[in-house]
Amino acid sequence: MKAAAFDYHRPANRAEALDMVGSLDNAKFLAGGQSLVAMLNMRYAIVDHLIDLNHVTDLAGIEMTGDRLRLGAMTRQRAVKDDAALAARAPIFAAALDYVGHFQTRNRGTVGGSLGHMDPSAELMALATLMDAEVEVQSKAQTRSLSIADYPMAYMTPAIEMDEMITGVTFALPGEGHGWGFHEHAQRHGDFAICGVAALMELAGGTISRTAITVFGIGMAPQRARAAEDMLASQTPGDDLYRAAADALDDLDYTTDAMASAAYRRRLAGVLTRRALADAARRAGGDRR
Amino acid sequence: MTTKSISLTVNGKTVDQEVEPRTHLADFLRHGIGLTGTHIGCEHGVCGACTVLVDGQAVRSCLMLAVQADGAEVTTVEGLAGNADDLSPIQAAFREFHGLQCGYCTPGFLTSLTQLLMENPDIGEEDLRKELSGNLCRCTGYAGIVRAALAAAQAYKEAAATGMGGSR
Amino acid sequence: MTTQMVGKPIQRVEDKDLLTGKGNFTDDIKLPGTLHVAFIRAPFAHARITGIDLDAARDLAGVHLVMAAADLPAPAKGKRILLQVPNPAIADPITQEPLVSDRVAFAGEAVAVVVADSRAIAEDAAEMVMVDYDPLPTVANLAQATAPGADKVHPHLADNVAARIHVGYGDIESAFRDAAHTVSVTLDQHRGTGNPMEGRAVLAAPNALDGGITVWSATQAPHILRRALVDMLEMAETDIRVIAPDVGGGFGPKVQAYPEEFVIPICAQMLGVPVKWIEDRREHLLCTVQERDQTWSVEMAVDAEGKLLGVRGRMQHDQGAYLPWGVIAPYISTVTMPGPYVLPAYDLETQVMFTNKVPTAPLRGAGRPQAVFAMERLFDLAADRMGLDRAELRRRNLIPAEAMPYSVGLIFRDGQPLVYDSGDYPRCQQIAEEKSGWADFPARREAALREGHYIGLGIANYVEGTGLGPFEGATTQVLPSGRIMIKTGAAGQGQGNRTVYAQVAAEAFNVDISQVDVELGDTGKIPIGVGAFASRLMVNAGSAIDVSAGTVVTKMKKIAAAAFEVSEDDLELVDGTVRVTGEQGPSLTFGEMAQMASGMPGYVLPGGQEPGLFATHYFSPPQAAYANGSHAVEVEVDPETGIVRIARYIVVHDCGRMVNPLLVEGQIQGGLAHGIGNAFLEKMRYDDDANPVTTTLADYLLPDADNVPTAEIYHVESPAPHNPLGVKGAGEGGTIPAAAAVVSAVEDALRPFGIQIDEAPILPERICELIDAARQDTQEAS
Ligand code: FES
Ligand code: FES
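Going line by line, the protein sequences match chains H, W and E.
Numbering that gives the first Met the number 0 numbers the first residue of the first sequence as 0 and each following residue consecutively.
Numbering that gives the first Met the number 0 numbers the first residue of the second sequence as 0 and each following residue consecutively.
Numbering that gives the first Met the number 0 numbers the first residue of the third sequence as 0 and each following residue consecutively.
Simulated from the structure, these hints should not be mistaken for laboratory data.
All values reported here derive from a predicted model rather than from experimental measurement.
Backbone N, C-alpha and C fix where the C-beta goes; we use that ideal spot for every residue, glycine too.
Keep in mind that a hint or two might mislead.
Reference listing, derived: stretches of chain W covered by chain H, where coverage requires no fewer than 3 residues with Cβ under 8 Å from a Cβ of chain H [said to hold, decoys possible]:
id : stretch
1  : 9 to 22
2  : 35 to 49
3  : 89 to 99
4  : 125 to 133
Bound-form chain H, shown alone (with noise of 0.2 Å):
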């Protein structure tokens, strides 16, 4: 499997990608190239040229300022995963980093990659849909911010137009003191997850005061799970309660494919939810393992 010829380009900064990518035609980024040279390599994906933005420097980096994460476009996964600030702020993005294929994989992948690419499972699609993330876009006429509601438009396919790039993500981080679960069904480490889980909980006064829960690789992007959300606001927390909310989760959207039915990844969910959440609300307790 030998990938379809293709021009290749170089940019050394935003300008010139952008300038190629709105004059090019049949253009696409090359980021970490995780899953975009296997599916070149299978020739599922066929391009006219590549545009390479690993020299784009200043795409890359890790800004956390109050309650506010910013991972630039070209972040490598790695990084991610390994930022001592950032373990101790919101331990979370480690944990599901730890998912992401694998260490060889993390090295080069990049956190706009997984953005744009837009697998059902990719863990970091699910933290930013948890953590109500904005996505930061840029043309040659414009800069503008998707909420990561808008963001998903079809099957593996962002709401983004073919001459602009994914510059950067910003989360809105949880706070001091909260607690969080992620779980993932697959049966080997490092392939993409049949259903996942992330959840997050704060609590005041020994009741829950904020969750959020997000449900992933069971269809076309990430889901949250609002209508249990709002049945855990202000709850105590408690194994009887994640069973209400593991029960309160059919409304999500579950799909059928040649891995898994629709039913397995509904009943996963709620498994999977009740053990996120008992690991977030220990957590918010101050068990911190």
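Chains W and E with the ligands: place on chain H using the hints.
This is chains W and E with the ligands only, laid out in the frame that chain H set:
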């Protein structure tokens, strides 16, 4: 489609060559410069057989274009031991603990483990198995590989302690 | 004083090159001017080809040849690949054509080929080939193949039955009439793949001087491929040389000759330059033979004391569209069923069915895992039915060691009566029980359950016919340098054959293995040979080396005895010399002896011997050597997700005398990984139109380091009586009972739900479905 000229270091030697943009790094190493120690098992990023070190980091060379390696420092299985006749600690341990059978997956395991053990020589078996899940071997059932890695870890620890990173 | 070489865990001679990137796999071989190939493969499982347009592809720059079946030169045109293992049970021995001329019968069959400057250009051109297909009705599985009025895989045949096999003995009717208990079950065992990390690969180079051709192939059987090429190309055997260089794993599917192995040499001959094709992973999952894929409906009759009375039933084997290796795999299944048990009566009717899928042919285990799965499932079921411990019921029926040799009452695939040659089956099970803590396990299981953990223990036994004939040959020669040279056709694909062959020779000559050179897998080096399958090489080639080396040693002693004027009995081989026993006497180095034996012009050869220090022996075993073993495995199952984790895996293994325990354990562990894949990971899926859907390694799940534990291995050594080394095959025993043992353990872990598992692999989703169904049943009952 026009070719691009690239210049990189492979196992310590400078290489200047013209490449087609679509040629991935694995094909370039194997067929462009004859380093056939790097193997191709799937060409879609799953098996890990093609793993090489690019600037010290293990990467899948089937998922990186040769043009992207312009300016990089690449180490393949042929370059893991400083001297062509030597074996690096992980290579020697693979021999001792029967960590290979057909040897097709082996270069990918050796390069991956080189990064893994240099960065984390204290790794325990459970974590090691998880980190190795990105490399597939159909022959060994992994027992010899895991034993070899845990045994070799000691050597990387000593190298790290004495600051002798020379031989990978 | 003898250097003991056989039986030692010696490090491999192969390793250094492989560890430093100096291996020599087919794609590593660089011949100047080599052209590269891509195939045009059918996107339908069953279709008639109504038109092919090659012109656009032919016009692309860098393309040298584009060819469909109609363009094949004589004599290949219109021919099918030789069937090497015919069997009277086969109705119509249909094999593949090199390129499909008229009708494709599975998705992925090659209909045309492109030869170009590079693989990438060949693929560019392949996309420009236009093929018109008229899709035909497809037969996607056994249910569709056997349904009344089923569509036909091959329209010219009366039905989809490729072969019928009926085996049995004893009075099966009265066995079931007299039974105190009978249990029956229907079991599905799905398709799995070989997936060696190196796919198939072929390089062919014409020899302009003599009109011959050399073919390098990642094959398990160079001599078998040469025979098929001789048949297809109608060339003299001596004009075709087939070389298997380093091969990156085989596991069965690299035994038979494939269409590409004919098309590439034909292209090379047409173009007069070397031509290479490297199978990519998608092609492997589409076109390389697969296995398992059987449905068994069987029942077992047991008396009140738990003695087996009989087993009977029907089996259906999904053959796929062709018969590249006859019906060997299903046949082996049928005769493996009795296993290590005293089975007084047995009756099995097998239908081998065509479907529109890639053919099945032996894959590590070769039909045996399915039979063992069926027998062991019946045992578990019967034990549960009788309220007996699962190991206890087996124990009551194991063939006692005193009964060896034991005649089962069947004919094995080697045509010989199935007579187990040696072994201690009760002892193997006993060790497995002891090491796994079988007796205490129910208490542990209860305790774990109280903590919310579902743990289970499973056990499975097997007997495996290994070391099949017809023969393998080896030449042993002492070179003038004093080194020992071994040549044999029988190459491995990673098993370490060079090392073990060298051990056998080194022991015969009492030298270190570093003094032995081994040349393998080259039809140019030894005229006839067979190949690597059926765990047969150590028995066949190992014995051939042992015998031929012994012949050379005897000859050396005769020559030296004449030279020293002593008796042969007074001579010993030490440090590469032949000398009179003791330190002081005269001696000759091996090199000097080789010089002497090749003669000096004008002189008489010493000792009245034939010239030369070499001997060739073709070892032909009188019957198979029967290896056996017992596996016990402990698992933990998460009943909410269906995820299975293996906690411990115990293997008790008897492959006769071990030449190299390090390598034997490597084979066991590697085979076990494959069996674990078959137990709960690997499933080759097809849609209802027989299109494969798991065509990448991201969809077809191979076991990784995280789900294969290191097995605890215990050896029992019952020497094989029918070969000089006393060895039995070791390549497949790790695989054969694994699915049976793992599924037994999963079922045991889920006892609180009362589920029964009737399939392999058992996937998490299915486990959850079974649990849900069982819950529903209990709710309805209450
Ligand atoms: S060949 Fe690169 S990961 Fe398989
Ligand atoms: S040694 Fe053969 S694939 Fe690993």
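Structure-inconsistent hints, enumerated in ascending order: 3
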